[in-house]
Amino acid sequence: MSQNEDLRIGVYVCHCGSNIASVIDPKAVAEFASALPDVVLTNNSLYTCSDAGQRQIQEDIKNHKLNRVVVAACSVRLHEPTFRACVAEAGLNPFLFEMANIREQDTWVHSHEPEGALEKAKDLVASAVAKSRFLTPLDMIKVPVTKTAMVIGGGVAGISSALDLADMGIKTYLVEKEPSIGGRMAQLNKTFPTMDCSI
Amino acid sequence: MVDAARHPNITVKSYTEVKRVEGFIGNFKVLVEEKPRYVNMDRCNGCGACSPVCPIEIPNEFEEGIAPRKAIYIPHAQAVPLRYVIDEEACIHCYKCVDACGKLDAIDFSQQPRQEWLDVGSILVATGFDNFDPSVIKEYGFGRYANVITAMELERINNSAGPTAGRIMRPSDSKFPNKISFIQCVGSRDERYNLYCSGFCCMYTIKNAVQWKQTYPDADITIFYMDIRTPSKGYEEFYRRAREMGIRFIQGRPSIITEDPKTGNLFIQAEDVGLGRTIELESEMVILSTAAIPRVDTDAMGSVLNISRSPDGFFMEYHPKLRPVDSPTDGVFLCGAAQSPKDIPASVAQGSAAASRAARILNADEWEIEPIVAMVWEDRCISAQGKKCGICATKCPYGAILVETGKAAMVTAAKCHGCGGCVAECPHNAITQKHFTDAQVISQLHALLRHEPEKKVLAFMCHWCSYGGADNAGTSHFEYPASQRGLRVMCSARMDSDFIFEAFRLGAGVVLVSGCHPQDCHYITGQRVGAERFEKLTKRLVDMGISPQRFRVEWISAAEGAKYAQVIREMDQTLRQIDPQALKEEIERTRPELERRVRRLPEIPDVALALELAKATS
Amino acid sequence: MQHTDNTPHSFKDEVMAEPGGELLQRCYSCGTCVSMCLVNQTCPDYNPRRTMRMVMLDMREETFRNPTIWHCSACDLCHPHCPQGIHISDLMRAIKNVALRAGYESPLPSAKVDEHKCSGCDICEKACPYGALSLAAKTIDGKERKISQVDRSLCMACGICAAACPLSAITVEDYSNEKVAAQIQAGHWLKKAKSGDPKVLVFNCSWNLRAEADRDAMSELPANVRVVNVPCSGRIDPTFVLTALQAGVARVLVAGCQPGECHYKQGTRIAQGRMHTLNHMFEQMGMDAQRVQFVQIGTEDRGRLPATILDLVAELKSSTVAVA
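Residue numbers (the working numbering), protein chains in the order written: chain U, 1 to 199; chain X, 1 to 618; chain G, 1 to 324.
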């Protein structure tokens, strides 16, 4: 529980080249974050997701004993898996990582309103830091895997994926709604660009 | 085709449809239904004695309706499996086929649809495309003028295995047409029908023209196009070859085709853009290069598989650049034209890509899934105190919660997908969601509204759709006012009424709750759980004296960036139209009631601390 | 080399800011509008696709100097076929409006009102498809009266108003009542044609023939058929028909456009009503109710007008023979 823990939060603000930095000043966001309680380290770098950027986070976790990492950069749909893996490699539970989306949901949509975008970036970072205080380490749930695949549709794409899976030793159901597999391609005579037959 | 049927690791299930899918990555259960063929697959040897005696003739789908087929038939000579099938709708039960089959005794009218559940670890969706019906484009006369045909019809006419045995004839008088024209982009790149480019029509038209010209060097062939798109390997060279062969390319989209009723010939009117002049070209046959469109059953298939569609109507991939064959549902992959129109090389490549993405899972002994699941605080659950409740179980889309009076509700972690509906619905705040706890969300709320809350558009977003929609607005650079503050949870089901009360208590100007469209919900019925709650909440907020325009519910898919931006713009506009003094008064006036609503929040573990910290920070 | 300007406040932006001009940049130059356009057929310099290009390339003065930009009559044959959903006639209107503000004027002929004849009855205002006519106070012969006035920038010279005016107070250059009447009789064809051949007069709208073959066929009709071209079937004053019948014409055929395809929006509909009334009148007078026939030719009706005329001639001939 967070109240029993000495929180050490690191905040990383990404420039994303000019994607973020051309609208707002990442340094200003980092400075703002440094004043938030329990934030012991802030950083802004050109590309946080780069090898160098990730190495920095890992070193900081070790050297500064960070136990929460917040990255303000792009969408969680893009790089949350990247940074989770990064902190995990440095020994931090991946669920102690939190992200603030200051690109897709900030600088990319408020390029004509840089002041508003900067205020918003600060709030998004504050929000991520606030959440990070209450993060708890979690373990992935492991589930068994049925080693069988199902391909729905017996056209050219379905047949080629089924053959690849089968060649890899995976039992595959090829489900086709029509009485015969083959799909559209079976209807064609010659095909481009080699003018050979299709079946 | 034959390779697939013979492969020891492949079981072909033809004439079979997917009815239901349950489970999750690595552990799907799929209900399939095999339609009755009325022909015993083990006895039929494909000899074909039955078909000639059948008295029924109906249009043959495989031949694009140009030729007939019988009620007992094989789709085509190279069908796999090579087994006959009886079309129940066409069959008149004369039983002549039974007599013809004789001793083989393969015909069996007692067959019934056969359902079975199959256990699979991964699902690959390769459901393909349909062809656009050009009869809706009245000006091209398809369906009215006999000699206007589709490219697919030409494929069958110009095929030695086709209904004319490869002898080319035009429909009106069975004569050989020497002067033919192709028209491109029929139903595509056209905002009246489909905005997208079908991609492969340029090449199949050039292929058809080259094939024709090779057989009939004297043929007079014209292709009307807007742009010729040949970006793949060897394609531009193929296009050049076509030009060098003497096929005429005219840049200009025909506006109208008229027919000379006497000859059946067609007059195409188009501007030759290069020439800058309108031309009229007489043709003996016109071939329309129709667009590839999403299959008619895409919606039904999408709701079975829990995957959604892009604005073009095809299945949507997880990420257009980085995860192009993953669907938003873990363990379900997309390939071929089901995802977007594709030619053969691209379909084959994507089939292989999807196979390798699926093999990552299928070759693993176990797979890790995110622990974002529900958890019950047993001491808070009233069921444990012997009281009847069980609301959580009724809201769970997966049957993951077991409630027995006298015991605390129990969540089966492997079954829970983590929508958070039970958490938000529990009247006693006895359930939490890992990684999206009340304390976490409340902390975020306070941070987002720490400064001038009355000027903010607070937007709750679900992870899968509306957060994706907001990302899409970003990647498309659809601007909206920076007054927006977004808060992500996994599903609209998790958006607790208390969060919204708390947002208004803090003085938020306007509040948006946004999630998936009902058919797109990542958690089957999670969206519905949220929607029902928001409907009641809308009324309750008004009763409390909150102006109705300050609370809005919107369903926004991950493809609807434009809609997301528009909703935020409208809400910002709404906020600006409210008199600031009146808003301030409303906030003050409604605060006591809102405080009463959220008074039990601090009882939830960590929330009191979160509130305290928020206070200290602001 | 063409200098282009793609900065804000260019000509393009000016046109796009005008109502109707918004969708300009959607045009991908497919030429559908051009090949659907009947103005382009007779006047190839009028090319809406090229005009849109010129606006996009900021060729302001050159666009305005092209007299054909005024030719679009908003028949809207093109719009439903545009794959980008551009309302081309609205866009042309936007360009015209910018041109008007820049001091350019329509070079097209326009209807003219004889102020002394006009009674201010307002019928013309209701008949005009373009809202080009309106009543305005004016001092005529020392008295202030409300009379009809023409807005030259809106008038397309279709002549619907001229046919509608009960006092013959409106004239359209080249198609005045006198000129049309002269054409009906010109060349003494009525006397020259063989006495046995029934004479047929065709009033043909200038826009209903799309196929070149049909236009050729119209100039190769037999000597007992006379074709008088008018800008629109709506220009046909019933007195033209009466003049022709009085002069010895057996049948009058009026050919207009198919409803929905009229080059001047509603001319064909108005003509249909007028010809119907005329036949009704003939019937009441005990005459053959089919003395005037009205046909509406669509853009897809290849060969229909020449065939209709020849059929009519043959039918008249056989009935004349039968009577004889």
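It is worth saying that the hints were derived from the structure and are not from the lab. Note that the Cβ used here is the ideal one computed from N, Cα and C, for glycine as well. Wrong hints could be hidden among the right ones.
Derived DSS-like pairs (lysine-lysine); straight-line CA-CA distance at most 30 Å [claimed, not checked]:
hint	chain 1	residue 1	chain 2	residue 2
1	U	Lys147	X	Lys213
2	X	Lys321	X	Lys233
3	U	Lys147	X	Lys387
4	X	Lys455	U	Lys27
5	U	Lys65	X	Lys407
6	X	Lys455	X	Lys539
7	X	Lys455	U	Lys171
8	G	Lys192	G	Lys179
9	U	Lys171	X	Lys415
10	U	Lys27	X	Lys615
11	X	Lys19	U	Lys147
12	X	Lys103	X	Lys35
13	G	Lys96	G	Lys143
14	X	Lys29	U	Lys142
15	X	Lys175	U	Lys190
16	X	Lys138	U	Lys142
17	X	Lys407	X	Lys388
18	X	Lys213	U	Lys190
19	X	Lys103	U	Lys147
20	G	Lys117	G	Lys192
21	X	Lys415	U	Lys147
22	X	Lys233	X	Lys175
23	U	Lys177	X	Lys175
24	X	Lys388	U	Lys190
25	U	Lys177	X	Lys615
26	X	Lys262	G	Lys317
27	X	Lys138	X	Lys262
28	U	Lys177	X	Lys35
29	X	Lys321	U	Lys142
30	U	Lys142	X	Lys415
31	G	Lys146	G	Lys117
32	X	Lys213	U	Lys171
33	U	Lys171	X	Lys29
34	U	Lys190	X	Lys233
35	X	Lys29	U	Lys177
36	X	Lys175	U	Lys142
Examples of chain G residues lying across from chain X (beta carbon under 8 Å, computed) [as the list claims (entries may be wrong)]:
hint	residue
37	Val39
38	Asn40
39	Thr42
40	Glu300
Structure-based check of all given hints:
Between Lys147 (chain U) and Lys213 (chain X), the direct Cα distance comes to roughly 50 Å. Violation of the 30 Å bound is thereby established for this hinted pair. A C-alpha spacing of about 21 Å is found between Lys321 (chain X) and Lys233 (chain X), which places the hinted pair at or below 30 Å, so the restraint holds. Taking the CA atoms of Lys147 (chain U) and Lys387 (chain X), the gap is near 44 Å; set against the 30 Å cutoff, the hint is violated. Note on Lys455 (chain X) and Lys27 (chain U): the hinted pairing holds, with a Cα-Cα distance of about 25 Å set against a maximum of 30 Å.
A threshold of 30 Å between alpha carbons decides the hint, and for Lys65 (chain U) with Lys407 (chain X) the separation of about 42 Å lies outside it, so the pair is violated. Of the pairs offered as hints, the one joining Lys455 (chain X) and Lys539 (chain X) holds, with about 23 Å between alpha carbons and a cut-off of 30 Å not exceeded. Among the hinted pairs, Lys455 (chain X) with Lys171 (chain U) is inconsistent with the structure: their alpha-carbon atoms are about 58 Å apart, more than 30 Å. With a C-alpha separation of about 21 Å, the suggested pairing of Lys192 (chain G) with Lys179 (chain G) holds against the 30 Å cut-off.
For the hint pairing Lys171 (chain U) with Lys415 (chain X), the CA-to-CA distance comes to about 25 Å; that is within 30 Å, so the pair holds. With a C-alpha separation of about 26 Å, the suggested pair Lys27 (chain U) and Lys615 (chain X) falls inside the 30 Å cut-off, and the hint holds. Annotation: proposed proximity of Lys19 (chain X) to Lys147 (chain U) holds, straight-line Cα distance about 21 Å (limit 30 Å). A distance of roughly 25 Å separates the Cα atoms of Lys103 (chain X) and Lys35 (chain X); the hinted pair therefore holds under the 30 Å criterion.
For the proposed pair Lys96 (chain G) and Lys143 (chain G), the alpha carbon gap of about 36 Å is over 30 Å, so the pair is violated. Restraint check: the Cα-Cα separation between Lys29 (chain X) and Lys142 (chain U) comes to about 18 Å, which is no more than 30 Å; the hinted pair holds. Annotation: proposed proximity of Lys175 (chain X) to Lys190 (chain U) holds, straight-line Cα distance about 23 Å (limit 30 Å). Proximity of Lys138 (chain X) to Lys142 (chain U) is assessed by CA-CA distance (about 58 Å); at most 30 Å being required, the pair is judged violated.
Simply put, Lys407 (chain X) and Lys388 (chain X) have alpha-carbon atoms about 10 Å apart, close enough for the 30 Å limit, and the pair holds. For the suggested pair Lys213 (chain X) and Lys190 (chain U), the alpha carbons sit about 14 Å apart, so the restraint of at most 30 Å is met. Straight-line distance between C-alpha atoms of Lys103 (chain X) and Lys147 (chain U) comes to about 41 Å, which puts the hinted pair past the 30 Å bound. A hinted pair counts as satisfied when its Cα atoms are at most 30 Å apart, and Lys117 (chain G) with Lys192 (chain G) does not qualify at roughly 38 Å.
As the CA atoms of Lys415 (chain X) and Lys147 (chain U) are separated by approximately 19 Å, the hinted pair is consistent with the 30 Å bound. Restraint check for Lys233 (chain X) and Lys175 (chain X): the C-alpha separation of about 37 Å exceeds 30 Å, so the hint is violated. The hinted pair formed by Lys177 (chain U) and Lys175 (chain X) fails the criterion: a straight-line CA distance of about 37 Å is larger than 30 Å. The suggested pairing of Lys388 (chain X) with Lys190 (chain U) is violated, with an alpha-carbon distance near 69 Å, which exceeds 30 Å.
For the hint pairing Lys177 (chain U) with Lys615 (chain X), the CA-to-CA distance comes to about 61 Å; that exceeds 30 Å, so the pair is violated. Straight-line distance between C-alpha atoms of Lys262 (chain X) and Lys317 (chain G) comes to about 25 Å, which keeps the hinted pair within the 30 Å bound. With a C-alpha separation of about 21 Å, the suggested pair Lys138 (chain X) and Lys262 (chain X) falls inside the 30 Å cut-off, and the hint holds. Using a Cα cut-off of 30 Å, the hinted pair Lys177 (chain U) and Lys35 (chain X) holds, with the two alpha carbons roughly 9 Å apart.
Restraint check for Lys321 (chain X) and Lys142 (chain U): satisfied, since their Cα atoms lie roughly 28 Å apart, inside the 30 Å limit. Annotation: proposed proximity of Lys142 (chain U) to Lys415 (chain X) holds, straight-line Cα distance about 12 Å (limit 30 Å). For the proposed pair Lys146 (chain G) and Lys117 (chain G), the alpha carbon gap of about 12 Å is at most 30 Å, so the pair holds. A distance of roughly 45 Å separates the Cα atoms of Lys213 (chain X) and Lys171 (chain U); the hinted pair therefore is violated under the 30 Å criterion.
Annotation: proposed proximity of Lys171 (chain U) to Lys29 (chain X) holds, straight-line Cα distance about 15 Å (limit 30 Å). Taking the CA atoms of Lys190 (chain U) and Lys233 (chain X), the gap is near 17 Å; set against the 30 Å cutoff, the hint holds. With a CA separation close to 18 Å, the supplied pair Lys29 (chain X) and Lys177 (chain U) stays within the 30 Å bound. Between Lys175 (chain X) and Lys142 (chain U) the alpha-carbon distance is near 68 Å, which puts this suggested pair outside the 30 Å criterion.
Checking Val39 (chain G) against chain X: minimum C-beta separation of about 11 Å lies over 8 Å; hint violated. A hinted interface residue such as Asn40 (chain G) counts as satisfied when its beta carbon comes closer than 8 Å to some beta carbon of chain X; here the least separation is about 6 Å, so the hint holds. Given the 8 Å rule on beta carbons, the hint for Thr42 (chain G) is violated: about 11 Å separates it from the nearest Cβ of chain X. With 8 Å as the threshold, the beta carbon of Glu300 (chain G) comes within range of chain X, its nearest partner Cβ sitting at about 5 Å, so the hint holds.
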